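Student: Chains as they are written, first to last, in this note's numbering: chain A, 1 to 198; chain B, 1001 to 1198.
Since the hints were derived computationally from the structure, they do not count as laboratory data. Given the structure is predicted, the values throughout are model-derived calculations rather than measurements. It is possible that some hints are incorrect.
[What the hints assert, rightly or not] Selected chain B positions facing chain A (Cβ under 10 Å, derived; list incomplete):
id: 1; residue: Leu1077
id: 2; residue: Glu1081
id: 3; residue: Ile1089
id: 4; residue: Leu1110
id: 5; residue: Ser1163
id: 6; residue: Ala1167
id: 7; residue: Glu1189
Even glycine gets a Cβ: it sits at the ideal position worked out from N, Cα and C.
The primary structure of each chain is shown beneath.
There are 2 protein chains.
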Amino acid sequence: MPKPSNRDAFKAAGLSVMFRRGYHGAGVRDVAAEAGVPHGSFTNHFRSKEAFALEVLDDYFAHTRRLVDEALGDASLRPRERLQRYLQIVTERLAADGFVRGCLIGDFSLETTQVSEPLRQRLAEIYAEWLKPFAACIAEAQAAGEISDTFAPEDLADFLLSSWEGAILRMKVERSAAPLDRFRRIAFETVFRERMER
Amino acid sequence: MPKPSNRDAFKAAGLSVMFRRGYHGAGVRDVAAEAGVPHGSFTNHFRSKEAFALEVLDDYFAHTRRLVDEALGDASLRPRERLQRYLQIVTERLAADGFVRGCLIGDFSLETTQVSEPLRQRLAEIYAEWLKPFAACIAEAQAAGEISDTFAPEDLADFLLSSWEGAILRMKVERSAAPLDRFRRIAFETVFRERMER
């Protein structure tokens, strides 16, 4: 029975290396070296790099969901403010990394969907799950008259998270908060503009 | 003196392989096999994979600029319609590929910026150049009273192209036009909404 600690060390190192070099660029040797675990033991824990990447992605999404809960579950804020709070929390995390690392879900969306059907399908499931609390929060904001109800909450949630991934993509090139700030500023004065007639 | 045709074959194959497997996943051997050119001749043409990727990226951006010119240079359309026309042209291209391939500029933005400073800097230059005609077209739409002038044309251009990259990212997971259509529909009824008071 392999030690759980080695398994966890592989996964933590996998996240770190895949954040830096992507799915293809993360060799098992690089991950093992980063983990400080013998390279040969990888196959005791994971049946393939693809299976390994699926677990790393799931761990990352579990982390993302905690950030979603922290922001969208904050009952002290109005629904529209909770959406802004999420972007603010993520921006703080990205700033702590010097705007060098982005979002593994976005990274994998561009890099792996053509080469791995299991990863593509898992990403589709992740987006579906990720969007739900946003759609619920947007529906609440619409019901409260805070934002326009021209579009369905599900469409607005998808627009928000997709466009936010686009802002993170630009951030990685610019290495600055400017694309994130620009997105928040424009989106919350247009698509998610606060309605005056409340 | 190496034959130019081999050089071009490497670059065309490089685009194809990098579209599918990304920068890290595109081995020189894979590219040579796709090009039908001896693997050993790569170094006659390119001093490194990074230098090669920079040339592939430049060729891709030249192609993108032609699409920009086609759409934003269409004097038969009003400025706001030209912006929509660009998204429509790109959507047609993405549809022709079965929504499997995205945009190499976006792919490289996520995958290469942490590992190659020359690629990151070139991407920053590309965005700056790519944004200019969009900012000019948006300024024209604002001057004509077609869209709101709350935000600077440069900020709106950046928002448009970044968010569009986010929509393409989602498209690659869903393998459908839905994320692209959703983006166009929402963005052109909100951020780029046609002003009624013209």
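Student: Please go over all the hints and tell whether each is borne out by the structure.
Tutor: Verification of the hints:
Given hint, leucine 1077 of chain B at the interface with chain A, is violated; its Cβ is 23 Å from that chain's nearest Cβ, farther than 10 Å. Interface hint at glutamate 1081 of chain B: violated, since its Cβ lies 19 Å from the closest Cβ of chain A, which is beyond the 10 Å cut-off. The interface hint given for isoleucine 1089 of chain B is broken, as the beta carbon of that residue sits about 19 Å from the closest beta carbon of chain A, more than 10 Å. Among the interface hints, the one on leucine 1110 of chain B holds; its C-beta lies about 5 Å from the nearest C-beta in chain A, closer than the 10 Å criterion.
With 10 Å as the threshold, the beta carbon of serine 1163 of chain B comes within range of chain A, its nearest partner Cβ sitting at about 4 Å, so the hint holds. Taking 10 Å as the C-beta contact cut-off toward chain A, the hint placing alanine 1167 of chain B at the interface holds, the least distance being around 5 Å. For glutamate 1189 of chain B, the interface hint holds, the least distance from its beta-carbon to any beta-carbon of chain A being 7 Å, beneath 10 Å.
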